[in-house]
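First to last, the protein sequences are chains V and P.
According to my numbering, the stretch in the first sequence is residues 1 to 304, in order.
According to my numbering, the stretch in the second sequence is residues 1 to 372, in order.
Take these hints with a grain of salt, some might be off.
[Stated by the list, open to error] Mimicking BS3-like on lysine-lysine, the simulated pairs with C-alpha atoms at most 27 Å apart in a straight line are:
| hint | chain 1 | residue 1 | chain 2 | residue 2 |
| --- | --- | --- | --- | --- |
| 1 | P | K209 | P | K195 |
| 2 | P | K357 | P | K369 |
| 3 | P | K263 | P | K79 |
| 4 | V | K111 | P | K369 |
| 5 | P | K251 | P | K138 |
| 6 | P | K195 | V | K111 |
[Said to hold, decoys possible] A short list of chain P residues far from chain V (calculated; beta carbon distances all over 10 Å):
| hint | residue |
| --- | --- |
| 7 | I14 |
| 8 | V18 |
| 9 | S29 |
| 10 | S52 |
| 11 | R53 |
| 12 | P109 |
| 13 | L150 |
| 14 | Q170 |
| 15 | S232 |
| 16 | L262 |
| 17 | K263 |
| 18 | Y283 |
| 19 | A301 |
| 20 | E328 |
| 21 | Y362 |
| 22 | E367 |
[To be verified] Pair ranges (Cβ atoms, derived):
| hint | chain 1 | residue 1 | chain 2 | residue 2 | range |
| --- | --- | --- | --- | --- | --- |
| 23 | P | D290 | V | D161 | 44 to 50 Å |
| 24 | P | Y283 | V | L129 | 53 to 59 Å |
| 25 | V | G219 | P | S232 | 38 to 44 Å |
| 26 | V | I265 | P | R139 | 23 to 29 Å |
| 27 | V | H117 | P | S201 | 53 to 59 Å |
| 28 | P | I19 | V | I155 | 41 to 47 Å |
| 29 | P | Q171 | V | H117 | 56 to 62 Å |
| 30 | P | G81 | V | T114 | 41 to 47 Å |
| 31 | V | D131 | P | G81 | 55 to 61 Å |
| 32 | V | I265 | P | L181 | 20 to 26 Å |
| 33 | V | L129 | P | G81 | 48 to 54 Å |
| 34 | V | G219 | P | S104 | 28 to 34 Å |
The set of hints was computed from the structure by calculation and includes no laboratory data.
All values derive from a computational prediction rather than experimental measurement.
We treat Cβ as the ideally placed atom computed from N, Cα and C, and that holds for glycine.
Take a look at the letters that make up each chain.
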Amino acid sequence: MLTAELLASSLRMAVPILLTAIGAVYTERSGIVNIGLEGMMIVGSFWASVGAYFYGPFVGILFAMLAGAFLALIHSVTTVTFGVNQVVSGVALNILAYGASRFLSLVIFGKATTSHHVSGFSPIDVPILSDIPFLKLLFTDISPIVITALILVPISKYIIDNTVFGLRLRAVGENPLAADTLGINVFAMRYAGVIISGMLAGMAGAYLTMEHTGMYVEGMTQGKGYIAMAAMIFGNWTPTGTLWASLLFGFAEALSLRAGEGSIIPYQFIKMIPYLLTLAVLTGIVKKATPPAASGEPYDRSIG
Amino acid sequence: MKRDRNYKILALKIAAPVIAMILAALISSLIILAIDKNPLQVFYTMFKFSFSRLDSIAIIFFNATPLIFSALAVSIGFKMGLFNIGIEGQYLIGTFLAALVGFSLKGLPAAIHLPLVIMAGIAGGMLWSFIPIFLKVKRGVHEVISTIMLNYVAYSLIHYLIADVFKDKQQSLVEGLGSVLVRTPKLAESALIPKMHGFLSIFGIQLPKHVYLNWFFPIGILLAVGIYYLVSYTPFGYELRAVGHNPEASKIAGIKPDIVYLKGFLLSGAVAGLVGLSDLLGYFKYMDMDFPQGYGFDGIAVALIAQNNPFGIIASAMLFGFLKRGSEGIQALLKVPMDTIVILQSLMIIFIVVITKIINDYVKRLEKKEAA
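All chains should be built: construct the whole structure from the sequences, respecting the hints.
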C-alpha cells in the first residue's frame with residue numbers, strides 16, 4: 001500500500017514539472033532558450049489564485065495561462081524580434097514575475113506572500129483505470145489537470161513529430177536560415193513556441209495553487225521551472241522522454257518529503273537527484289544529449 | 001571621421017542606461033498611478049529618504065557592497081563570452097566555508113584569522129566554479145545549464161551542512177520559542193570584519209551603531225580597480241577579451257581558449273566567493289538558511305547596466321543600493337509596496353539589453369557604411 005501511495009504522490013509532484021517541461025520542449029525545439037519558465041510558473045500560480053478566488057477554477061486556470069503567455073510574449077519580443085541574449089531576458093522576467101506577484105498580492109489580498117484560500121476543480125475518477133486494483137489509488141480522486149498533463153504528452157508528440165506546425169517548429173530550431181529560404185516564417189514559429197511554453201508553465205502554476213496547496217504562497221514554485229528545464233534535457237527534448245524524466249524527478253521529490261529524521265540518506269541529498277542526473281546526462285555519463293542545433297542562437301536575416 | 005564616430009559611440013553607450021532608466025521609471029509610474037499614488041511623490045520620497053541623512057547614505061554603501069563583488073564576477077564571465085549564472089551557488093559555498101573557518105578556529109589573532117576566513121570564501125567560490133568550467137572544457141556542457149543545476153545542488157548541500165552537521169547546539173533557548181535556531185555557531189570575534197566607523201570618525205563623520213558599513217566596501221572598490229587593470233592592460237586580460245570576441249580567431253593568434261576559459265571562470269568564482277562575506281562577517285556573524293539570496297541575479301543586472309565596465313559597476317551597484325534603501329522608504333512612509341522597485345529593476349534590465357542591442361546594430365551599420 002505504501003508503494004502505491006508513494007507512486008500517487010510522485011505523480012502529483014510530477015505534474016507541474018511535466019506541464020512546464022512539455023512547454024520547454026516547444027520553446028527549445030523552436031530555438032529559443034526560456035529560463036523565464038520559472039517566472040511564468042510564478043505568475044501562473046499567482047493569477048490562478050486571483051481568478052479562482054473571484055470567479056472559480058476555470059477562470060483561475062485561464063488567468064494563469066494568460067499571465068504565463070504575457071510574460072512569454074515579452075520574452076518573444078526581446079529574444080526573437082530584438083535578438084537579445086535569451087538567458088538575460090529570462091533572468092529579467094524571473095525577477096519581474098517575483099516582484100509583480102508580491103506587489104499584486106499585497107494590492108489584491110493585502111499580504112505580499114499569500115493569497116486567500118481558493119478551491120480547485122472537483123477531483124474525478126478515471127474510468128476503467130480506477131477499477132484496476134493496483135492502479136486504484138493512482139487514478140481515483142485526481143485533479144483534471146493531472147489527466148490533462150498526461151494527455152498532453154501523446155498530443156504534443158503527435159504535433160511535434162507529425163504535423164506541419166511541428167515540422168516547421170523543428171525546422172526553425174535546427175536551421176532557421178534554411179527554413180526561412182523555404183518560406184517558413186521563422187519569427188512567427190518562434191513566437192508560437194515561446195508562447196505555448198508560457199501558457200503551459202502558467203497552467204503548471206495554476207495546478208500548484210488550485211490543486212496542490214489551495215492558495216498562492218510566495219516561492220511555492222521552489223525552482224520547479226528549472227527542474228522542468230532539467231526534465232526536458234533529461235528527456236532529450238522530446239515529450240515522451242520528458243514524461244519519464246518528470247515522473248522520475250517527481251518520485252525523487254515525493255521520496256525527499258518522506259525521508260524524515262533518521263533516514264539513511266538525508267532528504268537534502270534526495271532533493272539533489274534531478275540536478276545531478278541532469279548534469280550526468282549532459283556530460284554523457286548516462287546517455288548522449290542532442291539539443292536542437294540552433295537553440296539559443298538569435299536569428300538575424302541581415303547576418304543569416 | 002573616425003574620431004567623430006568614436007565620440008558618437010561613447011555618447012550612445014552612456015545614453016543607453018539613462019534611456020533604460022527613464023523608460024523603466026515611466027512604466028513604474030503607471031503602476032504607481034494604478035494604485036492611486038503619486039509617482040512624483042514616490043520618487044521624491046525615495047531620494048529624500050535615502051540622501052537626507054548620513055547614516056542612510058552609509059546604508060546605501062553597505063547595500064552596494066555584495067553587488068559590487070557579484071557584478072564584477074559576472075562581468076569577468078561576460079568579457080570572455082561566458083555566462084556565469086552560478087554566482088548564487090558559488091557565494092553560498094564560499095560563505096559557508098568562510099563561516100566554517102570562522103567558527104571552528106579559535107584563539108587566533110584577527111590579523112591571521114580574518115585573512116584565512118576570506119581565503120576560505122574565495123576557495124569555496126572557486127571550487128563551485130571549477131565544476132561547471134571543467135565540464136564545459138572537457139565535455140562541452142553549456143555553463144548556463146550546469147551552473148543553474150549546481151545552484152540548487154549547493155542550496156541543498158548547505159542546508160544539509162547547516163541543519164544536520166554543523167548546527168549550533170550551544171545556543172540557549174529563546175524565550176517563547178520551542179527549539180533552537182537552525183544555524184551555524186557564531187563566528188569568533190577574530191574572524192569578523194571591522195566596521196568603517198572608526199576610520200570615518202577621523203574625518204568627522206559619525207555613523208550610528210545600526211549602520212553595518214564595513215571594510216569590504218573599500219575592498220570591493222579596490223578589486224574593481226584591479227580587475228579594470230587586469231582586463232585592460234595585462235596579457236591575460238587581452239586573452240580574455242580576444243576569446244570573448246571570437247574564440248576561433250583567438251586560436252589563430254596562438255591563444256588556447258580552453259585555458260583562458262578555465263582561468264577566467266575560476267577568477268570569476270573567486271570573486272563570487274566574496275559576495276556574501278560583507279553580510280556574514282559584518283552583519284549576521286553566523287550562517288542560516290535565511291542568508292540573503294539573489295545577489296547573483298542582481299549582479300547580472302548591475303553588470304549589464306554598467307556594460308561590464310568595473311567603474312560603471314561601482315556606480316550601478318550604488319544605484320541598486322539606493323533603490324533598495326529607497327524602496328524601504330516608500331513602503332514605510334507612503335505605503336507603496338517596496339516590490340514596485342523590484343519591478344523597476346527588472347524593467348531596467350529588459351530595456352538596457354534591448355537598447356544596447358539596437359545601438360550595437362546601429363554602430364555596426366555605421367562601420368559598414370564607412371568601410372564601403
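Would you check whether the claim that A301 (chain P) is not at the interface survives, using Cβ distances to chain V and the 10 Å cut-off?
Violated, because the least Cβ-Cβ distance between A301 (chain P) and chain V comes to about 7 Å, which does not exceed 10 Å.
Taking the Cβ atom of D131 (chain V) and the Cβ atom of G81 (chain P), is their distance within the range 55 to 61 Å?
Given a distance of about 58 Å, which is inside 55 to 61 Å, the answer is holds.
E328 (chain P) clear of chain V by more than 10 Å, beta carbon to beta carbon?
At roughly 14 Å from the nearest Cβ of chain V, E328 (chain P) sits farther out than 10 Å, so the non-interface label holds.
Go ahead and decide if the range 44 to 50 Å is satisfied by the Cβ distance of D290 (chain P) to D161 (chain V).
holds (47 Å)
Between the alpha carbons of K111 (chain V) and K369 (chain P), is the straight-line distance 27 Å or under?
violated (56 Å)
Given the range 41 to 47 Å, decide if the beta-carbon distance of I19 (chain P) to I155 (chain V) lies inside it.
Holds, since I19 (chain P) and I155 (chain V) (Cβ atoms, about 44 Å apart) stay within the stated range.
Quickly compare the C-alpha distance for K251 (chain P) and K138 (chain P) to 27 Å and report which way the hint goes.
holds (17 Å)
L129 (chain V) paired with G81 (chain P), Cβ distance criterion 48 to 54 Å:
Since the Cβ atoms of L129 (chain V) and G81 (chain P) sit about 51 Å apart, the hinted range of 48 to 54 Å holds.
Examine each Cβ of chain V, and state whether all of them lie more than 10 Å from the Cβ of E367 (chain P).
holds (14 Å)
Status of S232 (chain P), Cβ more than 10 Å from any chain V Cβ
holds (23 Å)
For K209 (chain P) and K195 (chain P), compute the direct alpha-carbon distance and say whether it is at most 27 Å.
holds (10 Å)
Given the hint of 38 to 44 Å, check if G219 (chain V) and S232 (chain P) actually sit that far apart at their C-beta atoms.
Given about 41 Å between the Cβ atoms, the range holds.
The structure fails to meet hints 4, 6, 13, 19, 29 from the earlier list, while all remaining hints are met.
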